[in-house]
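Enquirer: Here's the letter readout for the chains.
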Amino acid sequence: MKSLKQHPWTAGASVLFSLFILGSLCTGFAPGKAIGQNFLLFLGQMLRVLPCIFILIGLFDVWVKTESVEKHLGHGSGLLSYGWAVLLAGTTVGGLHVALPVAHALYIKRARLSVVLVFLSAAGACRIPMTLFEASFLGWRFTCIRFAVSLPLILLSSATIGWWFDRLHYRLPDAGEMTPDK
Amino acid sequence: MLILYIITALLTGLSLLASPRKTGRALRIALRRFLKIAPAFLGMLMLVAVALYLFPDHVLGQMLARENKWIAAGSAIGVGSVSIMPGFIAFPLCGILLNQGALYMVLSAFSTTLMMVGVVTFPLERMYLGTRLALCRNGVSFIIAIVVAIATGLFFGELP
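Residue numbers (this note's numbering), protein chains in the order written: chain Y, 1 to 182; chain E, 1 to 160.
Because the hints were derived from the structure by calculation, they are not lab data.
Positions of the beta carbon are idealized from the N, C-alpha and C atoms, including for glycine.
Possibly wrong hints are sitting among the right ones.
Selected chain E positions facing chain Y (in silico; Cβ < 7 Å) [to be verified]:
(1) W70
(2) G101
(3) Y104
(4) A134
Below, simulated DSS-like cross-link-like pairs (lysine-lysine); rule was C-alpha separation at most 25 Å, straight line [to be verified]:
(5) K109(Y) / K71(Y)
(6) K36(E) / K71(Y)
(7) K36(E) / K22(E)
(8) K65(Y) / K36(E)
(9) K36(E) / K109(Y)
(10) K22(E) / K109(Y)
(11) K65(Y) / K22(E)
(12) K33(Y) / K65(Y)
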C-alpha cells in the first residue's frame with residue numbers, strides 16, 4: 001500500500017487500464033481484448049524470469065563482499081573492470097528490464113557509475129544467447145559489424161557519462177537507503 | 001531459461017547449506033526489492049501491451065520494407081526505440097524482412113534501438129537510474145544506434 005502512495009501515476013494508470021480491459025471484455029471491444037492479452041503474455045514472461053533474478057540479487061547482496069566488488073569494478077579499478085562488465089552483461093538473460101535491477105545491485109556494492117553503464121548498454125547489445133540467435137538469422141557479417149561499431153562506442157560513451165555524472169556528485173535513487181549490510 | 005532455474009536453485013541450495021540465516025536474509029532482500037519496484041514493472045507492462053497492439057508484426061514489416069531507404073531507416077529507428085520485443089520474436093522477424101528485401105542498414109537500426117533504447121522501459125529505468133541519467137543513457141544509445149546503422153549501410157554497400 002505504501003508503494004501505491006509513492007506511485008500515484010502508476011496507481012491511477014493501473015485502475016484506468018484494468019477498467020478499460022474489463023470494459024472491453026464485457027462489451028467485446030477487440031483492441032482492448034488484444035491489449036489485455038498482450039499484457040498477460042508479457043506478465044507471464046516476467047513472472048517466469050524475475051523471481052530468479054531477484055533471488056540471485058538477494059544472494060549476491062548477502063554473500064558478495066562490498067570490498068571485492070569495489071576492488072574489481074569500483075573507483076580505482078583499471079580498464080579491466082570494463083571487460084568484466086561486458087562479460088557479465090554477455091551472460092545475462094532478458095532485456096533491459098532484467099539488467100536494471102542487477103546494475104543497481106552492483107552500484108550499491110560500489111561499482112563505479114561508468115562500469116554500471118557499460119554493463120547496462122552491453123546487456124542490451126552483446127548478450128551471448130541473443131547474439132547467436134541474431135547471427136543465425138542475419139548472418140555473421142552483420143553481427144560482427146554491429147559489435148565492432150557499437151562496443152567501442154558503448155565503452156567510450158559510458159566512460160564519459162560516468163565521469164561527467166561523478167563530477168556532478170550524482171547518486172542513483174535509493175542508493176543510500178538500500179545499503180547492503182543492513 | 002532452464003539454466004537460469006538450475007543456477008538459482010543450485011546457488012540457493014548452497015547458500016542454505018552454508019548459512020540458513022543469511023539465506024533467509026537474502027530472500028527477504030529479494031522480496032523487498034521486488035515489491036519496491038513492482039509498480040514500475042506494472043507501468044512498463046501496460047505500455048508494452050499498448051505498444052505491441054499499435055505495432056503488430058505486419059505493420060512493422062510494411063514500415064521497414066519501404067522503397068525509400070531513408071524513410072525505412074527512420075521508421076526503423078523510431079519503432080525500435082518505442083517498442084521492446086523479446087529476441088525470439090524480433091530476429092526471426094528480421095530474417096523474414098531480410099528475405100523480403102529489407103536493407104541490412106534498416107534491420108541494424110531496428111535491432112540496435114530495440115535493444116538499447118527503451119521508451120516503454122523508461123518508467124522502470126527512471127526508478128533505478130534517476131530521470132536525468134536515464135534520459136542521458138537513452139539519448140546516447142539512440143545516437144550509437146544511428147552510427148551503427150550508418151556503418152552497417154556502408155559495409156554492405158547500401159549507402160553511396
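Enquirer: Each hint: holds or not?
Expert: Hints and how they fare:
no.	hint	in the structure
1	W70	violated, 20 Å
2	G101	violated, 14 Å
3	Y104	holds, 6 Å
4	A134	violated, 10 Å
5	K109(Y) / K71(Y)	holds, 10 Å
6	K36(E) / K71(Y)	violated, 29 Å
7	K36(E) / K22(E)	holds, 21 Å
8	K65(Y) / K36(E)	holds, 23 Å
9	K36(E) / K109(Y)	holds, 19 Å
10	K22(E) / K109(Y)	holds, 17 Å
11	K65(Y) / K22(E)	holds, 13 Å
12	K33(Y) / K65(Y)	violated, 48 Å
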